Amino acid sequence: MLQPIDLTQQSPLKTTLGCGVLDGFLHGGLPCGIITELTGEAAAGKTQLVLQSLLTVQLPRSEGGLDGKAVYIYTEGKPPVERLQSILTNRFNGRPDINLGNVLIEERPIATPEDLLRSVRQLEALLEREAAVPAATAAAAAGAGARAVEAATVPRRVVRLLVIDSVARVFRDAGESDEPQVQQLHRRAAQLFGLTALLKRLAQEYQLAVLLTNQVMDDFDSDGGTSLGIMAGGGAGSRPAPLVSSGRRVLPALGLAWANCVNCRLFVARHEAGDGSVVRCLQSSRRICPTPTVASKWTSRASGASQTKPKRRGGALRRHWDD
Amino acid sequence: MLRQEVVTMPLPPHLRNKLLSAGFTNASELERCGGPVALARETGMTPEEAHEVLQLLGERLPAGSDWRAGAVSAATLLEAHLAAPRIVTMCRDLDELLGGGVATGQVTEFCGVPGIGKTQLGMQLAINVQVPAALAGAQGQAVYVDTEGSFMVERCADIAEGAVRHITAMAEKQAASGRPALAEGFRSGAVVFNVASLLRGIFYFRIHDYTEQLALINMLPRFLQQYPQIRLVVFDSITFHFRQDFTDMSQRTRVATLMAQQLIATAQTYGVAVVLMNQVTTKVMEDGSSKLVPALGESWGHAASTRVMLHWGVHDNERHAALFKSPHLPPGNVAFTVTADGVRGMPRGSRGGAGLANR
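Same order as they appear, the protein sequences are chains A and B. First residue of the first sequence? That's 1 in the numbering used here, and the numbers climb one at a time after it. First residue of the second sequence? That's 1 in the numbering used here, and the numbers climb one at a time after it.
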């Protein structure tokens, strides 16, 4: 029998991205229980953010992390482990609790949607096994020494973050060429919805943050997108404002079906300033909060992304309701 | 009167089904069965229910009814329709577009592209249904069925805060114009309207696949009987789980049609507003162009009596609502905004609208 959930008892978990400004923009960090998409062109800085998140999720709760492990599914060839190591060394040197041992990387090549689905199902088996093991605090019997009590109260790490980098690569290649275009799109849409439903269920059941990256394609439509089919003379309909990166108008790949699947869409834009330096902005195009295109600038350094100049933010300052 | 058929009797559906399953088809058969205890035994009802059924037979028909009980005059219907509470959106233009707000007893559909504000509107309605009757609110509770995981409780709390501020200000205005009852009720604590009470007034369900969705719709009538103060049921979205599990489109249409019939019946029987959020999909027209249409296909168009498409306007970040199906209202198009406090009308003096301020 389905039971309603008491909303007053819900306090959603978030994991820090390692940068105060970005965390503030996301109202605390990457949320657990939903799917967040990070989209942007190739040089925009998505991978930097993603690699950093694999490490920051391992931070203790007091520092904004989730004391967790991360799973990294990389679909664009060999996973960038050296870069990950370099961020680890530069940023988290001397911290034994943050290490590469807590990052599980899918080592088989993921080329098709079926491969990806299989990998996620195996992750589900792993999560089930982790959940079945009783917590480490069991059997800390009375009279146990201080050491035993300390060992018993150290929480066991579970997977808290799943990153798929990128989803676009797996679904973008059209299928068999003898299938008509429309049917290919239908099939792809069905696979996307199926993958999303599975990811959302895992995200909610095991309180994971799910971060998926997506590529962009050029936006050739100059009059604001697909028009409405419900009444005559429907003008612009399908998007709020053009997304711009490196001076080009772009759209996230994978189309409208995919857009319906993700809960939160973040767009990383790359802009070249007049003096030749590069700044990167983060925008939210499907929002958790309603303020339009709130952006914050940051630079990518070897030690990872962190804040430079925070841009003025529009909209009211939010208070957390459970404060 | 003795020829009155069971199917036309104004009975709760579960009692009517019990009578029909036991083989009773009209009133004379009921009279012959020999009393409430015998009827209860034959149909599996409780004696109280059987008594209620037999009492109904003996009731005089209300004035203005037709020769078959269960039919009422149009005048009675109109009265009932005008008296039924509506659920405001807090955007005056949008409320006017809908004829005063979202109607109870009916199914209303809002479709739109991702990010346009369907979830925002759903949350706003789930809060606004709780507005006290003293301010012409429905003073009811809400069921929120989340099929996509879009519901964020922190955001809902913000919308609740915005509503508390708005409603408190309206109560003060009422007090200033000689009707202090509500404001005093807030002050004394007799009337509770705060963030916690608003969140508790929403029965929130999280649905993970289409079988759970159908199970919930089946159980909804029992739930509404258990909690009769519910006036609104939101499905956000009704579409999501139907876009992947079905390879056979005709089966999908059959299931969707059945779902629609159940929702319409539930809305009418329990006098609740059923609000469905729908996705949109692109359809390639004959001339080769692509257009955005509501998802779930042509046959789904009969599910809701009122349909609104939310879409972006010509200017950046401008939101619109277009009414394209209604039982009695003309089509129209209004602009609305989503602020930190929730759904509101366009600010005074802004471009693109009549410039009506927030109510």
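Fair warning: there could be bad hints in the mix.
[Stated by the list, open to error] Only some residues are given here: those of chain B computed to face chain A with a beta carbon under 10 Å:
| hint | residue |
| --- | --- |
| 1 | Cys33 |
| 2 | Val113 |
| 3 | Gly115 |
| 4 | Phe186 |
| 5 | His241 |
| 6 | Asp248 |
| 7 | Ser289 |
| 8 | Pro327 |
[Said to hold, decoys possible] Over the 10 Å line for every Cβ pair with chain B, so calculated as not near, a few chain A residues:
| hint | residue |
| --- | --- |
| 9 | Asp6 |
| 10 | His27 |
| 11 | Val262 |
[Stated by the list, open to error] These stretches of chain A come out as covered by chain B in the derived footprint (C-beta under 8 Å, 3 or more residues):
| hint | region |
| --- | --- |
| 12 | 12-23 |
| 13 | 71-84 |
| 14 | 197-209 |
Since the hints were derived computationally from the structure, they do not count as laboratory data. As the structure is a prediction and not an experimental result, all values here were calculated from the model. A virtual CB, placed ideally from N, CA and C, is assigned to each residue, including glycine.
Query - Violated hints - listed by number, lowest first - result: 1, 4, 6, 8, 9, 10, 11, 12 and 13
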